[in-house]
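Residue numbers (the numbering used here), protein chains in the order written: chain A, 1 to 230; chain B, 1001 to 1230; chain C, 2001 to 2230.
If you are wondering where the hints come from, they were derived from the structure by calculation, not from laboratory data. Be aware that a few hints might be false.
To be verified - Listing some non-contacts, in silico: residues in chain C with all C-beta distances to chain B over 12 Å: (1) Glu2129; (2) Pro2190; (3) Leu2193.
As the list claims (entries may be wrong) - No farther apart than 27 Å at their CA atoms in a straight line, the calculated lysine-lysine pairs in the DSS-like style are these: (4) Lys1049/B to Lys140/A; (5) Lys2226/C to Lys1074/B; (6) Lys49/A to Lys202/A; (7) Lys2202/C to Lys2049/C; (8) Lys140/A to Lys1166/B.
All residues carry an ideal CB built from backbone N, CA and C; glycine is no exception.
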Amino acid sequence: MANTNAPLPFFSSCDVADALQVLRKSENLPDMESAGYVPDIHLWSPQFKAGNTRVFGPAYTVEMVPITNTSAPKLSEHFADTIPEGSVICISQPENMVNAVWGGLMTARAQFRGALGVVVDGRIRDLNEQREAGFPVFAKATSIMGAGDHTRASRINVPITMQPNKDHPAVTIHAGDYVVADADGVVVIPKDLLAKVEAQCKKATAIDDQCMAALKTGEGIAATFKKYRG
Amino acid sequence: MANTNAPLPFFSSCDVADALQVLRKSENLPDMESAGYVPDIHLWSPQFKAGNTRVFGPAYTVEMVPITNTSAPKLSEHFADTIPEGSVICISQPENMVNAVWGGLMTARAQFRGALGVVVDGRIRDLNEQREAGFPVFAKATSIMGAGDHTRASRINVPITMQPNKDHPAVTIHAGDYVVADADGVVVIPKDLLAKVEAQCKKATAIDDQCMAALKTGEGIAATFKKYRG
Amino acid sequence: MANTNAPLPFFSSCDVADALQVLRKSENLPDMESAGYVPDIHLWSPQFKAGNTRVFGPAYTVEMVPITNTSAPKLSEHFADTIPEGSVICISQPENMVNAVWGGLMTARAQFRGALGVVVDGRIRDLNEQREAGFPVFAKATSIMGAGDHTRASRINVPITMQPNKDHPAVTIHAGDYVVADADGVVVIPKDLLAKVEAQCKKATAIDDQCMAALKTGEGIAATFKKYRG
């Protein structure tokens, strides 16, 4: 499942967001109103919203439910024991819960399984353990409460919905969609669009590089955009 | 009042939160719905939510009121002049106020008095001064406005209520309750539970250490939890 | 327009906020209820709310509107091509929009134009590029979405309104007002008050220095304030 040789990691979350924005218009994708962007999910480890950490890989989705929900499906195995190598763990936590759904022990298991990182629409804990492990952890916020008495994993590899910010359309992540996450943020690429996103990123970043070079010599931004973006 | 030889500082806020969660069930503590956790109070100094800073000590509580509230009690001394040695200053600021209730001069006085740190359900300022002083400062947010025209200390060593996040039950802090605060967050231990929390932390962290060692050798998380947590 | 020799940069945002608070009473300024403070605009570059970065200069104001607003005025030039040397770019973004209105290319142009920094009541992106450029960037939050499909600059050098926190009065920034921004926050000085703010800052920080020295020798805070603040 992993494809760590893919060139996409060399593109940033911002580059990918730009590409999806272009594609959603050129490809007429009405269900891509979000352009794949999951706002206000922050990089917490190895550093808070800093450094060159970039995660790129297929999503392994985990749906959490409140522990009080006894009717939702149950898993036969612990979700952390079935993390695929090379995957990015994507977890949806019910909103308005303040417990963590990810901590130091989960990271130890995820690293052994070969996961690339974890993206949580919710809360995580054990910041120092995460950082010492060097594991890329993205989440809305932190907590000190464990999950045990509050949430449980109900299903894996089902489409999950993330909407950490109500001013932006929800993003549905399907297992196998590609996740790009770095200090700037998190974006999800529908798997069918991967090749097109890559091609668009290549084209646009080449243009951006030309623009940047021009701006650094003092060319105007309007003139630069006209010249290179057309 | 201080007890800096207590072993509890070696346990993290997450460990203590876990212990309180266990105890509130085993001891049937109906008024501990919050499990002592004060969410969304962040470590701002010496570093933002990073590093090994850990505060542990008895609470010295300070209740702030809006300056417009002239009927609330008044203090005969400045609250900073009566900070007990070895205490953790806990301040409740009326919600929705954007001024700081703690700054660089307060830290200078608190350090001279021998306080271990300050926890504010509200705002603080003078980040660089706090950091240069190396004083542990926890707060909901920062500000640049001083307190003088906005809030005043009304009472000390009375129970104060902190509820920085409406999705979590309020936490009432009594003078002498124990506060544990680090990069992950803030938790308050009712003083009568201190010995039990310590015993539970010892037991649980020993188990966690066994789990972590097992996970690092590749044992499954379900098997590990079954083996060590039972 | 720039006045980088002004002594004011040696005063912090907190010092300036204190001075404006004093002046709004002594000068009876009914329209200064905000005291110029723009809460919850954070320093993101070169570091997140840390370091000695301090921006001081006259505001160059930019009003953004939603791209869907076709009736609002249009600019004849790109707003980044008319940034004055020595200015602080101040941008108001319509609230509840999650796209960035400032990114790496804008910074390259702004630096060439000689801007001192940018303050955004909204979102910015390209954190690593901003930091590598060493450009001071202040904003409410970050994003990965570009502005192109979401917002556009409508007017420059008109009064703009910033209100990132609804619990605090809006701040109106006029072109040429002075902005002071550092790790603690952002404050705006009406240009007519600049000399008075400077005088008040000098007076108050001299007193603060005396208070700090006294506190460090163990004098009480009540006694210290009485002695030096009167």
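What's the verdict on Lys49/A and Lys202/A, does the C-alpha distance respect the 27 Å limit or exceed it? holds (25 Å)
Are Lys2202/C and Lys2049/C close enough, with their CA atoms no more than 27 Å apart? Holds, because 25 Å separates the two Cα atoms, which is no more than 27 Å.
Can the restraint linking Lys1049/B and Lys140/A be considered satisfied, given a maximum Cα separation of 27 Å? Distance ~14 Å between Lys1049/B and Lys140/A Cα, so the pair holds.
Over 12 Å to the closest beta carbon of chain B is the bar; see if Pro2190/C clears it. holds (17 Å)
Against the 27 Å threshold, does the CA-CA distance of Lys140/A and Lys1166/B hold or violate the hint? It holds: about 16 Å lies between the C-alpha atoms, which stays within 27 Å.
Taking the minimum C-beta separation from Glu2129/C to chain B, is that value above 12 Å? It holds; Glu2129/C is separated from chain B by about 21 Å at its closest Cβ, greater than 12 Å.
Beyond 12 Å from each Cβ of chain B, as asserted for Leu2193/C: holds (16 Å)
Is the straight-line distance between the alpha-carbon of Lys2226/C and that of Lys1074/B 27 Å or less? holds (17 Å)
Hint violations for this structure: none, all hints satisfied.
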